[in-house]
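*Asks:* Below are the chains, spelled out letter by letter.
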Amino acid sequence: MIIEKFFNKWIMVFLILIPTCGVIFDEPYFITLATKVVILGIAGIGLNLALGYCGLISLGHAAFFGIGGYITGILSFHALNDEVLFSWPIAVSGSSEMLIIWPIAILVSALFSFIIGLLSLRTSGVYFIMITLAFAQMLYFFSISWPNYGGEDGLSIYMRNSFPMLNTMDPISFYIISLFWLLFSIFISLRLINSPFGMSFQAIKQNEERVKSVGIETFKVKLLVFVISGTITGLAGSLYTDLNRFVSPTVLDWHTSGEIMVFVILGGMARLYGPLVGAAFFIALEQTLGSYTENWQFWLGLILILVILFARSGILGLFDKKLKYEK
Amino acid sequence: MTFILFFEQLLNGIQFGTMLFLMSAGLTLIFGVMGLINLAHGSFYMIGAFSAALIAALTDSFWLALLASLAGAAIAGVLIEIIIIRRLYRRDHLDQVLATFALILLLSEGVRWCFGAFPLYLNIPNILNGTVPIFDNIIYSKYRLFIIFMGFLIALGLYFLITKTSLGIRIRAGQNDRQMISALGVDISKLYTIVFAIGASLAGLAGAMIGAIQSVEVGMGEPILILAFVVIVIGGIGSIKGALVGSILVGVTDTIGRIFLPELLKVFMEPSNATSVGSSIGSMLIYILMALILIIKPSGLFGKSKHDY
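So the protein sequences, as listed, match chains Z and U.
Just so you know, my numbering puts the end of the first sequence at 930, numbered straight through with nothing missing.
Just so you know, my numbering puts the end of the second sequence at 323, numbered straight through with nothing missing.
It is possible that some hints are incorrect.
Unchecked claim - Which stretches of chain U does chain Z cover? Using the computed rule of at least three CB atoms under 8 Å from a CB of chain Z, they are:
1) 23 to 33
2) 112 to 118
3) 143 to 154
4) 161 to 168
5) 279 to 286
6) 293 to 299
Bear in mind the hints are in silico, worked out from the structure with no lab data behind them.
Using N, Cα and C, we set each Cβ at its ideal position, and we do this for glycine too.
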């Protein structure tokens, strides 16, 4: 564990070092890549709470990522066109203020994760995997066939939404905003997993029957973890739309769910920084392999299979001596 | 007129359902016997379609192409089972999900590498081209009728295989108690490979038959894979009967819903709104159906009452 903690410090150093280098050498693309890693890392940290700590294998987190993304896109689309979003029961107009968009994105993702969780958590095991997948797919098809917001073509928002005192179109400012949310979500996760509530959801992963027998209502605990997890991922989706200034049904596609899951597993499950490392590795792979061959996903698939078959504790696990001895 | 349209769409729904059945029967069999959740099942659908397109281009024979789809998918299935899948049976569902997800990336890109990104086409043989009259005034595509016929033939064949043959007995025994039948001297790993190959070849056949109506392209298996998941969740995981009922239910609901929901909504709304709302809800209909069934019966229509997989 000590080595992993040491490694975590280095991750923080990198998070500051890489964009600083980007500014010094005037390489804005680096900063954009780092921002992407940070945002996808947040999405993974969200999933990690449900998947890594509570053992809820959700293959539908693209739903929340996409909902956060679409809420952001739709709100700023309406602000741009000066249309009201809906006029009943009260008139609501769009907004291009991040400080207004974030709470709405958070609320709506929480609402959707509550509904999806309420239905999916009635089941367990394989049923749960398939049902979360199916709900995400339902939203995907809805986003394709709903013509008002671009349908299959997606929705461009041209300008990043604004934040007081900062020019969000400047890569480094937007990086700092994303970094803030990353640290916030790590902080929340840390507080959660060390709380009594966190103890109970980690215990559920090990043996749900026993947790029940102690008198804890496991359904409520799981639902709450699922909602928090979905909400964090939804927030990441909101930032992702701002990063690309574009949102399309791709964010709701089940490949997105798979990729978020891959971040968690590549980095190492149930490790605080795991998803971030996984996302960084994924993006690095995409950039390096992608520059050599168009079929980089072939090699990604191969690496993934090898990791799953032979290195189950992920990249951070390689640095974790204690775990090696236990084996 | 509306009746004719309805009947035609009903047949389309059944045709779609029989293809879903070919996919979900394999999935549910593989899950029931080996306890494996196989996301890469859609890849066998794609491999079958590509093998068929390749052989059709070489020999110009549709029937050989159909055979090739069975063989190609089965061979791919056996190889992949022996190299990778076999190591996953003892792992938890998460590892299975990830490894088979990785397999999708690998196989899709591999096929794109070999065949290029452009879609291929399979031609329907002359004998199945055109339409055929059913009853007095309803005409329907011969090829789609052929698909329905094949689907039911295979359902029947599977029924006999499972209930009447000794392989079927071993498969059923495997579903009930894996350890017991390996203790009784059945070569369990060979049985697993056979079951996996059967599932893969059924998916491959479905891919080839649908490939002739649509096009043969990379990633064609994924939409239908997820529908097959919905089917086996509705039908109950592990149950072939559930897969059959679920497939027809999903196929018909999806087809009828997409066509008639907009029409139905036009009664209440202005036409342009009705079309967009109707088609959006129509595309979600089967998932709503799934949610409803889960609320009533969390383990699916024909599933075991305890869901402790």
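*Asks:* Now tell me if each hint is right for this structure.
*Replies:* Okay, the hints, checked on the actual structure:
Figure legend: the stretch 23 to 33 of chain U, annotated as covered by chain Z; annotation inconsistent (0 residues with Cβ-Cβ distances under 8 Å, at least 3 required). For the stretch 112 to 118 of chain U, the stated coverage by chain Z is satisfied: 6 residues place a CB nearer than 8 Å to a CB of that chain, which reaches the threshold of 3. Coverage of a stretch by a chain is defined here by at least three residues with a beta carbon nearer than 8 Å to that chain's beta carbons; for the stretch 143 to 154 of chain U and chain Z the count is 0, and the condition is violated. Look at the stretch 161 to 168 of chain U against chain Z: 0 of its residues bring a Cβ nearer than 8 Å to a Cβ of that chain, fewer than three, so the hint is violated.
With 0 residues having a Cβ less than 8 Å from any Cβ of chain Z, the stretch 279 to 286 of chain U misses the three-residue criterion, and the hint is violated. Interface restraint, the stretch 293 to 299 of chain U with chain Z: holds (5 residues with C-beta to C-beta distance below 8 Å; minimum three).
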